[in-house]
Amino acid sequence: MRLTVPHMGLLSTAYTRVLRQYGVDMQPPPAATVRTLNLGVKHSPEFACLPFKINLGNMMEALDNGADAILMPGGYGPCRFGYYGIIQEQILRELGYQFRMSTTDNPDRLSDMIDTIRDISRIKNRSDGYRVFFLILMRMAALDRATALYHYYKPREIDRGETDAVLKEAVRVIDRADSYAKLFRTMPSVKKMFRSVPIDKGFRPVTVGILGEIFVVIEPFANLEIEKKLGEMRVEVRRGVWLSDWLNDRFRFRPFRRNQTAYAKKLARGYLNYPAGGESIETVGKTLLFQKKGVDGVLHIMPFTCMPELVASTIINRISRDRGYPVLSMTFDEHVSEANIITRLEAFSDLLERRRNGSISRH
Amino acid sequence: MRHLNIGIPRGLLFHSYGEAWKLFFRELGCEVTVSPETNADILKEGIRHTVGDLCLPVKTFLGHAAVLKDNIDVLFIPRYVSVEQESYMCPKMIGLPDVTRACMVNLPPVLDPMFHVKLNKEQTVREFVKPVAKFLSLSPAAVSAACERHLNRHEEAPAGQHRQAEHPLNEGVGRSAVPGRMNISVIGRPYLLFDRHLSKNLFHFIKKLGANPVYLNPDRAEIREAMAVIPKWVYWDMGKEVVAAAHMSFKDERIDGVVNVCSATCGPDSFTGDLIRKRLNQRNKPYMSLSLDEHTSDVGIQTRLEAFIDMIAKVTA
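Quick note, the sequences are listed as chains A and U, same order.
In our numbering, each residue's number is its place in the first sequence (first place is 1) plus 6.
With the first letter of the second sequence counted as 1, position 286 gets the number 272 in our numbering; the numbers rise by one all the way through.
Hints may be right or wrong, so weigh each one.
[What the hints assert, rightly or not] Subject to a maximum C-alpha distance of 30 Å in a straight line, what follows is the list of computed DSS-like cross-link-like pairs (lysine-lysine):
#1 U:Lys218 with A:Lys130
#2 U:Lys107 with A:Lys272
#3 U:Lys300 with U:Lys271
Please keep in mind that the hints were generated in silico from the structure rather than gathered at the bench.
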């Protein structure tokens, strides 16, 4: 059985090597390209959201490369994600692909995740399952940590592109850390790697909080590398949505980090009084948090037709009007063009810059 | 003492539960004002208030709230999270009171009790009743009793079953197929189908073309039966009923064609539509899906319906 799982940001880096050690024949999909997207778009329902289409393209390319089993997380949320696997399987079967499909119907439940791991690998022992699963979670947290360092160093770098090279190397180093001991030893060296990037120490970049639907936020292919683009415009990114936080809210592997969903729920009170699925409550709550913390503006990104984020985008638009706080919502789908994104980002960062310098009024 | 005037926008879940809401508030001694039927001005008003790419029914709803807001004491926008266990409404319905507040200024107070079916039935009612009782300064027991009598009936009837008998569209829309006529089953969400302006009066037009429009309203058992045919329980209230209605229509020998009406960017329907077309329509019955948005014209819908009905007539002749 050659198993494939659709990509989501750096997640596949977190699990591929570890699962291979335990006898899972992993076949990660090739990195998404325009071809992936085109394949996905061609066979998806018209108004399916962008993550669905990219996932489907991933699956098709992986199956073409020899995979014969797909693992797709499911769920029962108000968001469409929980139903992805069913529709994707139907489309792939109709196209004549032969494969085994498994879905974890409760990705929120630890025992289900452990069962999934035991199901696909040589691991039969429950406690080994926990050990491996938590290692994967810690690796994900390490990758997110490296990405956060990237956000800090990128706008300040003196030699353009150096931070990108360091991030790539950091991801490689974390990928090789395949045990708890190695992982703990790795983190200081990752930090050192970033510290060695020559930066403009006196420079105070404009800061932009990035919020929105988690897939579009963490997958550079889906958002046309928006974080890199902002970094190149010398804007510091403060990301409000992390995969490791999402996992931590469910599996509590970082006991000292607060539950971000619960925190956002508290913050959002008055604007959004009940979570409307997806990351809606995080988007609303953290927009308010970013404003309080003095982040210069919020960039809200989501797939076209995303239901929870449409609710959130309507509400943060009101927050923006009520409080005179810059918020820009952008929708992503297969038609979005690079030039469009760059133009809008430039205009937004110019606006924030001038606003900070006091050359335009705050209201 | 003047009675409190409760305003209910004629949009979204009003088309399923509106009559029950009216009875509920009248029993509590309130006056109820419902916005008029949707027209071009109401829709325009809704679009004017909307930011972003919200769907047609939500825009319409906001239009109704906008025309109501100045003539009432309180706007009733319940937060329906679910009407059944392990199900959810669409996220836009869950966030509806907050979205309305965000889109409009100078709103009267919004009464937004939450309806969320949980394991513990009393808790569901308590959650719904508490804000209402507080707002109206009534005893929770009295409100609970009214709620039990009028609203908390989802156990026996799924979403859409409370539809009032005197609904203007009900006359002439069959609840089952008529032998010897061309029967066209129309499936879709009540808030689209039963809004004459949004659905371009398509029931009426189908009748004008000489066919018999049928609206099937699946009950619990029929929904369960349909869910057994597909690989996974559809977890959207309403989405589930659309799928079940489709299943019934495909199964029923007397139904000649199926029209699925949905709004253009509807999230759940983008998936259930695929399920209906590929999984449920095993016998290849004539099937057409119509997606509506604010740019849809009557003529566009009519042309497609004419073509669809002509095609069926040719095939069966």
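Now for the hints, and whether the structure bears them out:
Note on U:Lys218 and A:Lys130: the hinted pairing holds, with a Cα-Cα distance of about 28 Å set against a maximum of 30 Å. A distance of roughly 26 Å separates the Cα atoms of U:Lys107 and A:Lys272; the hinted pair therefore holds under the 30 Å criterion. Under the criterion of a C-alpha separation no larger than 30 Å, the hint pairing U:Lys300 with U:Lys271 is consistent with the structure, at around 14 Å.
Of the numbered hints given earlier, the model fails none.
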